[in-house]
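K.L.:
Given next are the chains, with one letter for each unit.
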Amino acid sequence: MSRDVILSVMNVSLSFGGNAVLSNVGFDVDRGQLFAIIGPNGAGKTSLFNVLTRLYVAQDGRVVFDNEDMSLLAPAQLAGVGIMRTFQNVLVLKGMTVLDNVMLGLHSNFNVSNVWSAIGLWSARAEERAMRERARDALDIVGLGSMAKEDAGAVPFGHLRLLELARCIAGQPKMILLDEPSAGMTSEEVDRLMKTLDIIRVRLNPTILLIAHTMKLVMQVSDRIAVLDHGVKISEGTPNQISEDPAVIEAYLGKASADAST
Amino acid sequence: MLGQLVVSSLALGSIYALTALGFAIIYRASDVVNFAQGEMMMLGAMAALLLYRDLHLSYPVAFGCAVLISMAVAIVVERVAFRPLLHAPHFTVLLSTVAIAQVIRSGVRAFYGQELSSFPPAWSDAPIEVYGVRFTLLGVGIIATTALTLIIFLVLFARTNMGWAMRATAQNMRGAAIVGVSVPRVYSQTWAIAGGLAAVGGILLAPLIIITPDMGVIGNKGFIAAILGGFNSLGGAVMGGFILALMENLIGVYISSAFKDVIIFGCLIVVLLARPTGLWGTQKLKRV
Amino acid sequence: MILLARGEMPDSPTTASPEVKRPISVNARSLLLLAVLVCAIPFLAGSYVQFVCLLALINIIVTTGVNISMGYCGLVSVGHAGFVAIGAYVTTLLMTYSSLSFAPAMLCGIVAAGIAGVVIGLPALRLSPLYIAMVTFGFGQAVNLILLNWIEVTGGPNGMAVPVPTFFGNDLSNTGIFLMTAVACFGSLWVAFNISRSRLGRAFIAIRESEIAAQSMGVPIALYKTVAFAVSAMFGGLAGSLYALGSGYVNPDAFIFLISIMYVTMCVAGGLGTIAGPVVGAIILTILPELLRPFAEYKEFLSGLILLGFLVLMPRGLVPLLTSWKSRLMPKLARQPAPESV
Chain A
1 MSRDVILSVM NVSLSFGGNA VLSNVGFDVD RGQLFAIIGP NGAGKTSLFN VLTRLYVAQD
61 GRVVFDNEDM SLLAPAQLAG VGIMRTFQNV LVLKGMTVLD NVMLGLHSNF NVSNVWSAIG
121 LWSARAEERA MRERARDALD IVGLGSMAKE DAGAVPFGHL RLLELARCIA GQPKMILLDE
181 PSAGMTSEEV DRLMKTLDII RVRLNPTILL IAHTMKLVMQ VSDRIAVLDH GVKISEGTPN
241 QISEDPAVIE AYLGKASADA ST
Chain B
1 MLGQLVVSSL ALGSIYALTA LGFAIIYRAS DVVNFAQGEM MMLGAMAALL LYRDLHLSYP
61 VAFGCAVLIS MAVAIVVERV AFRPLLHAPH FTVLLSTVAI AQVIRSGVRA FYGQELSSFP
121 PAWSDAPIEV YGVRFTLLGV GIIATTALTL IIFLVLFART NMGWAMRATA QNMRGAAIVG
181 VSVPRVYSQT WAIAGGLAAV GGILLAPLII ITPDMGVIGN KGFIAAILGG FNSLGGAVMG
241 GFILALMENL IGVYISSAFK DVIIFGCLIV VLLARPTGLW GTQKLKRV
Chain C
1 MILLARGEMP DSPTTASPEV KRPISVNARS LLLLAVLVCA IPFLAGSYVQ FVCLLALINI
61 IVTTGVNISM GYCGLVSVGH AGFVAIGAYV TTLLMTYSSL SFAPAMLCGI VAAGIAGVVI
121 GLPALRLSPL YIAMVTFGFG QAVNLILLNW IEVTGGPNGM AVPVPTFFGN DLSNTGIFLM
181 TAVACFGSLW VAFNISRSRL GRAFIAIRES EIAAQSMGVP IALYKTVAFA VSAMFGGLAG
241 SLYALGSGYV NPDAFIFLIS IMYVTMCVAG GLGTIAGPVV GAIILTILPE LLRPFAEYKE
301 FLSGLILLGF LVLMPRGLVP LLTSWKSRLM PKLARQPAPE SV
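Protein chains in written order, with the working numbering: chain A, 1 to 262; chain B, 1 to 288; chain C, 1 to 342.
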């Protein structure tokens, strides 16, 4: 059975001024898979995302997305090739409505030139209307449809991550990178997030890379998990394999617990 | 010749340095560029003129009173135009300092008049020559007074509780408030000090130029000097003042006098492209 | 309240940062009525009032442009008078020294201003807002200096007279010029309105609020910042060429630093980041100096005080204040709804 690998991370190493943030990290992600990246604080997970989205440039290694070498891409070109992400410090834009925030996620899906839209040409207005519908759909998927007209600055904190998620999926990207989407959520909110992720996978079938600390979420939704500790990948496998791996337990809980479990 | 240029730029450089420092401390404490700094200099100079020339007070007394008046005005300005705008959009705050500058300038013009005055110099401005280098006692007086002011400022800033509170607030306002710093008082003190520095600069400048309500434009020079040296570095701002004066002299003499200002701007932009936060400034980092 | 640092917002939603777009919903009919009224001014008012209105229209064009680069995109511009000056002088020079009639001359003025906008924008892109302000300030000063000193071409401090524009052989009257300016003003507002509701406008706001987020959405930051600068410069160039035609005379005093500050003030006092804000600000601050004329030497002092009052009492500008009053008088029907269960 051949794999349909969409993302190939190979021997990625990143260091800042002598500090090794990532060392020889590598893994493959299949198309449509939900691949989680977990690890203790400071393991380098967000840095890995930043490398994948070209905000950081790795000193070593290669990343191949959909058979294209990503080192040729600038950060602003990722949306165009179908990669969208959310951020650990939620970067929702105040000064715009919720709907406009989501429509920003559709930025690279527009075809009509900016010049025509500035003049108010009919084709531009029609496209704007169509995009607005797509944005509304995305909001409905995450359950924020009724807040479309609200000022994004007025959205309660718990819903900000959902808004970012809607913005992320609006353009139906091939791969989405979710950086701690469940941070600060209550248990009910996490359940709702899991259901939302289910709907997203059914409707859009994207490849999902997930960073999360909420084990309930990770164990339940992931197809495959990689574990980072101090910038090194210490384990990779299915949720079951990971939960029993002594190396993982040691990284999280310390050596004594690892010894106790074997 | 080069040496002469260096020496003759020291006096003006001192004044630029004082002005730049005033800009820098307000910016570091409250993230605001105070475009009324130049007008506060003018106010100091005007007050000193009235006290010294018309009321015949002695120079040190007139000097001290003018500085105090300027500090009082600065405190009022902080309360009236800056404090209410703490949560306002950035542009609003900046424009309010511009508006204050206009109010002070046009107020002086309306109530005092547009007449040009000259300030009788407190030290002799007769040229003295030593080893081929020419200078005046006035220049020496300016430099010495500036040095004294900077030393007083340094002591205040680094060694007193007030200075400690100011530094703490500049670094982390919330943290400072939590440990008991009265942030409103720090703001008042910061503006008062900036006003005092402006007044000193203005009074020292006064004998060198003609005093009019418009002399606040010298503030622009201090602004440029602060950018050159680095807006969030106090030492950098001071150095920027001296460097700017030297550049003005060198460019004015060796290249062109008419387009001096434009050329300096060009140089400033080149410097900024290489070091975006000024020669001694520091970057604020953002984490994603 | 003092506990919050400059720029930090308290956690309550009612004091969120810059404005939601489209705060005032005006229906098409009242806009049409307004447009007709404006066009009727030359026939109803005397020449002094007409000229003040002409200046107001021209200032609206400039402030609308400033709003695009500063209000939406967050790029400080305190040298906008430089772009206006380029538009004015290029138009004047072409009409005086070449056989071009006013329309192509104006077009060249606009393009020249746009090119200047690109040239200024490019080095400024990598600098923080403070330094962008420096660059634009320097640009404005440089333009002014050139106008004053390049006497053979620009006439120096004495300025230049602008030839009367001709339309198919007939001289364009003041009324014609006024109507043309009004149309240009409406057109500018139309373009700005479209931009604000299009992906370009959203991208601008994104650049202002978070460059990283904008980049991750696919917005090419450097390109769009340059576009914002160029567009606002072209608005300035248009306004400048209209000014040249409307006043019949250009001289460097009309393009000094204080004028650049005035444009920014109009935007901020009216409401940065809204469409109506720059309009209101331009109108009020064009008329205010005329109203203060009787006060002679106190005029500048009073206008400074009034301006300060404006800024302190209405930090976000007049239009957002009116909008918030309006929404408080007509409370929303639904409160914060929870997301629907999935």
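Hints in this document: simulated from the structure, not taken from any laboratory.
There could be a bad hint or two in this list.
Label-pair distances were calculated between CB atoms; the ranges are [said to hold, decoys possible]:
| hint | chain 1 | residue 1 | chain 2 | residue 2 | range |
| --- | --- | --- | --- | --- | --- |
| 1 | C | Arg126 | A | Ala126 | 53 to 63 Å |
| 2 | B | Pro127 | C | Asp253 | 34 to 44 Å |
| 3 | A | Trp122 | C | Pro294 | 44 to 54 Å |
| 4 | B | Tyr59 | C | Arg126 | 28 to 38 Å |
| 5 | A | Ala126 | B | Arg174 | 43 to 53 Å |
| 6 | B | Ser257 | A | Asn19 | 44 to 54 Å |
| 7 | B | Ile75 | C | Leu321 | 24 to 34 Å |
| 8 | C | Ser99 | A | Trp122 | 54 to 64 Å |
| 9 | C | Trp150 | B | Trp164 | 31 to 41 Å |
| 10 | A | Ser113 | C | Val118 | 54 to 64 Å |
Think of the CB as a built atom: it goes at the ideal place given N, C-alpha and C, for glycine as much as any other residue.
K.L.:
If a hint holds in the structure, say so; if it doesn't, say that too.
P.N.:
Results of checking the hints against the structure:
One distance hint, 53 to 63 Å for the beta-carbon pair Arg126/C and Ala126/A, is violated here, with the actual separation near 37 Å. The hint said 34 to 44 Å for the Cβ distance between Pro127/B and Asp253/C, and at roughly 38 Å that hint holds. Against the hinted window of 44 to 54 Å, the Cβ-Cβ separation of Trp122/A and Pro294/C comes to about 51 Å, which satisfies the hint. In this structure, Tyr59/B and Arg126/C break the distance hint of 28 to 38 Å, their C-beta atoms being roughly 48 Å apart.
Restraint check, Ala126/A to Arg174/B: a C-beta distance of roughly 49 Å satisfies the suggested window 43 to 53 Å. The supplied range of 44 to 54 Å is met by Ser257/B and Asn19/A, whose beta-carbon atoms lie about 52 Å from each other. A beta carbon spacing of about 28 Å between Ile75/B and Leu321/C agrees with the range 24 to 34 Å that was offered as a hint. A hinted range of 54 to 64 Å is violated for the C-beta pair Ser99/C and Trp122/A, which are about 38 Å apart.
The hint said 31 to 41 Å for the Cβ distance between Trp150/C and Trp164/B, and at roughly 54 Å that hint is violated. Between Ser113/A and Val118/C the Cβ separation comes to about 18 Å, which falls outside the hinted range of 54 to 64 Å.
Violation of the numbered hints given earlier is confined to hints 1, 4, 8, 9 and 10; the remaining hints are satisfied by the structure.
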